[in-house]
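> Below, each chain spelled out in residue letters.
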Amino acid sequence: MRRYVRRFSRTERLLHWANAVGFLFLLATGLILYLPSLAVLVGRRPLIQDLHFWSGVGWVSVLVLIALVGDRRGLKRLACEVDRFDRDDLRWLLGRRPAPQGRFNAGQKVNIALTAAFTFLFLVSGLLLWLGERDTRFRFASTVLLHDGLMYLALALLVGHLYLAVINPATRHALRGITLGSVDAEWAHRHHPKWRQEYDA
Amino acid sequence: MTDEAPLRIGRGVFLATVAGGITSLLWGKTVWDHVSHVVSPVESLVPLVPSGGWRIYTVSGSLPGFDEATWRLRVGGHVGTPVSLSYRELLALPKADQISTFHCVTGWSVKNVHWGGVRLRDVLARASPLPSAHALEFVSAEQPYVDSLTLEQSSLQDVMLAYEMDGRPLSRAHGAPLRLVIPEMYGYKNVKWLAGINVVPRALDGYWEQLGYDRDAWVGRSNGYGT
Numbered sequence: 001m002r003r004y005v006r007r008f009s010r011t012e013r014l015l016h017w018a019n020a021v022g023f024l025f026l027l028a029t030g031l032i033l034y035l036p037s038l039a040v041l042v043g044r045r046p047l048i049q050d051l052h053f054w055s056g057v058g059w060v061s062v063l064v065l066i067a068l069v070g071d072r073r074g075l076k077r078l079a080c081e082v083d084r085f086d087r088d089d090l091r092w093l094l095g096r097r098p099a100p101q102g103r104f105n106a107g108q109k110v111n112i113a114l115t116a117a118f119t120f121l122f123l124v125s126g127l128l129l130w131l132g133e134r135d136t137r138f139r140f141a142s143t144v145l146l147h148d149g150l151m152y153l154a155l156a157l158l159v160g161h162l163y164l165a166v167i168n169p170a171t172r173h174a175l176r177g178i179t180l181g182s183v184d185a186e187w188a189h190r191h192h193p194k195w196r197q198e199y200d201a
Numbered sequence: 202m203t204d205e206a207p208l209r210i211g212r213g214v215f216l217a218t219v220a221g222g223i224t225s226l227l228w229g230k231t232v233w234d235h236v237s238h239v240v241s242p243v244e245s246l247v248p249l250v251p252s253g254g255w256r257i258y259t260v261s262g263s264l265p266g267f268d269e270a271t272w273r274l275r276v277g278g279h280v281g282t283p284v285s286l287s288y289r290e291l292l293a294l295p296k297a298d299q300i301s302t303f304h305c306v307t308g309w310s311v312k313n314v315h316w317g318g319v320r321l322r323d324v325l326a327r328a329s330p331l332p333s334a335h336a337l338e339f340v341s342a343e344q345p346y347v348d349s350l351t352l353e354q355s356s357l358q359d360v361m362l363a364y365e366m367d368g369r370p371l372s373r374a375h376g377a378p379l380r381l382v383i384p385e386m387y388g389y390k391n392v393k394w395l396a397g398i399n400v401v402p403r404a405l406d407g408y409w410e411q412l413g414y415d416r417d418a419w420v421g422r423s424n425g426y427g428t
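For the record, the sequence lines run as chains A and B. Residue 190 in the numbering used here sits at position 190 of the first sequence, and the numbers go up by one each step. To convert, count from 1 in the second sequence and add 201; that's the numbering used here.
Treat the hints with care, as some may be off.
Capping the alpha-carbon separation at 25 Å, the derived lysine to aspartate or glutamate pairs in DMTMM-like fashion look like this [said to hold, decoys possible]:
#1 A:Lys194 to A:Asp184
#2 B:Lys296 to B:Asp234
#3 B:Lys312 to B:Asp268
#4 B:Lys312 to B:Glu385
#5 A:Lys76 to B:Glu205
#6 B:Lys312 to A:Asp148
#7 A:Lys194 to A:Asp50
#8 B:Lys296 to B:Glu385
#9 B:Lys312 to A:Asp184
#10 B:Lys312 to B:Glu205
#11 B:Lys296 to B:Glu205
#12 A:Lys194 to B:Glu205
Treat the hints as calculated values from the structure; they're not laboratory data. Fair warning: this is a prediction, and the values are worked out from it, not measured in the lab.
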């Protein structure tokens with residue numbers, strides 16, 4: 001008989017999937033604006049531009065809304081978890097084993113911190129692009145480079161994330177946690193022993 | 202296992218990334234100009250990825266098409282002899298070549314673009330502008346795109362009507378069959394899908410200028426840059 005333990009709250013899962021859907025839509029519309037081959041194929045640039053900008057605004061608004069009406073205390077705990085790295089986390093990052101991990105391993109913590117920073121920078125640079133088209137005071141020669149560079153970095157992070165979450169046999173069980181909330185207790189014990197110890201205590 | 206106080210690394214990663222990103226607004230382009238020649242050749246190996254750093258900006262629903270049989274470049278307005286050139290007649294004019302850098306007002310540039318075409322002054326001379334003429338209005342087949350230059354600006358040495366880019370006929374995305382090239386000014390003055398030139402008494406605001414961009418779009422000293 002398999003035993004399941006709860007890894008992600010409803011607020012956390014909602015945040016993850018709102019972020020994922022928003023990012024993918026923005027990536028798709030953004031690539032149409034960015035790649036000449038797609039720009040020519042699709043056309044309708046003014047429409048795609050509006051879709052891209054307003055869905056970006058919507059994306060960040062929904063994330064903020066979920067955080068506000070969801071389990072705020074839980075999210076504060078999540079932020080603390082992501083912030084704190086103990087000696088085992090540093091060993092884990094250096095590839096040394098054993099390095100028992102908590103609910104998030106060190107790589108996942110870095111991923112969350114980077115994703116949050118990228119989201120913030122996407123918002124700032126996107127707003128500057130939009131405002132700069134209307135007022136020279138908001139125009140910087142490097143805004144478009146920042147926005148495009150972020151896309152490449154975020155895409156690289158996403159590819160690694162998808163590989164671990166969907167393809168790699170040892171880790172792909174995590175996908176169950178972020179969709180249904182719970183994961184196999186034994187799997188959790190193998191991959192996140194410190195979290196399990198706290199959980200059982 | 203540890204009893205020591207944990208390190209606050211998560212916020213460090215977040216704050217350092219945000220700080221790096223925000224400050225890159227000031228140093229990003231300078232650094233990119235130095236490293237882009239290393240990255241660009243790699244970029245061209247990946248399918249779909251932008252060819253040499255170009256982005257295709259358009260203002261209407263679809264890109265104008267080009268039919269060689271019916272296409273004409275019309276030069277009219279304050280001229281002694283209105284001119285209408287077919288594509289073949291255009292190619293028969295003395296050919297000019299140049300290598301120049303293309304700057305977009307949004308911050309990206311493409312270095313060493315090889316343009317082939319005709320000198321604007323050669324086309325203009327055929328129309329014999331009247332003494333009342335002081336500016337040119339360039340009308341794009343992409344409606345309602347239009348922009349203008351003073352006669353003085355349009356007589357700069359490297360102003361060109363280009364029908365070739367990097368050794369190939371101008372592609373649809375870049376304004377086929379003909380676009381204006383004035384490297385001293387930002388891209389929005391380099392009208393694509395050129396269909397006509399109106400010789401007029403004075404320069405008027407073009408498409409982007411009506412939306413707040415500078416009419417004299419000198420690279421590096423207009424539109425809030427270097428001023």
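> Now tell me, hint by hint, if it's right for this structure.
Okay, the hints, checked on the actual structure:
Restraint check for A:Lys194 and A:Asp184: satisfied, since their Cα atoms lie roughly 15 Å apart, inside the 25 Å limit. Between B:Lys296 and B:Asp234 the alpha-carbon distance is near 31 Å, which puts this suggested pair outside the 25 Å criterion. Annotation: proposed proximity of B:Lys312 to B:Asp268 is violated, straight-line Cα distance about 30 Å (limit 25 Å). The suggested pairing of B:Lys312 with B:Glu385 holds, with an alpha-carbon distance near 13 Å, which does not exceed 25 Å.
For the suggested pair A:Lys76 and B:Glu205, the alpha carbons sit about 22 Å apart, so the restraint of at most 25 Å is met. Distance check on the hinted pair: B:Lys312 and A:Asp148 sit about 18 Å apart at the alpha-carbon level, within 25 Å; holds. Between A:Lys194 and A:Asp50 the CA atoms are separated by roughly 47 Å; this puts the pair beyond 25 Å, and the hint is violated. Under the criterion of a C-alpha separation no larger than 25 Å, the hint pairing B:Lys296 with B:Glu385 is consistent with the structure, at around 21 Å.
Between B:Lys312 and A:Asp184 the CA atoms are separated by roughly 56 Å; this puts the pair beyond 25 Å, and the hint is violated. Proximity of B:Lys312 to B:Glu205 is assessed by CA-CA distance (about 54 Å); at most 25 Å being required, the pair is judged violated. Proposed proximity of B:Lys296 and B:Glu205 is contradicted: the alpha carbons are some 76 Å apart, above 25 Å. Taken as a hint, the A:Lys194 and B:Glu205 pair is honoured in the structure, with Cα atoms around 16 Å apart against an allowance of 25 Å.
When each numbered hint is compared with the structure, violations occur for hints 2, 3, 7, 9, 10, 11.
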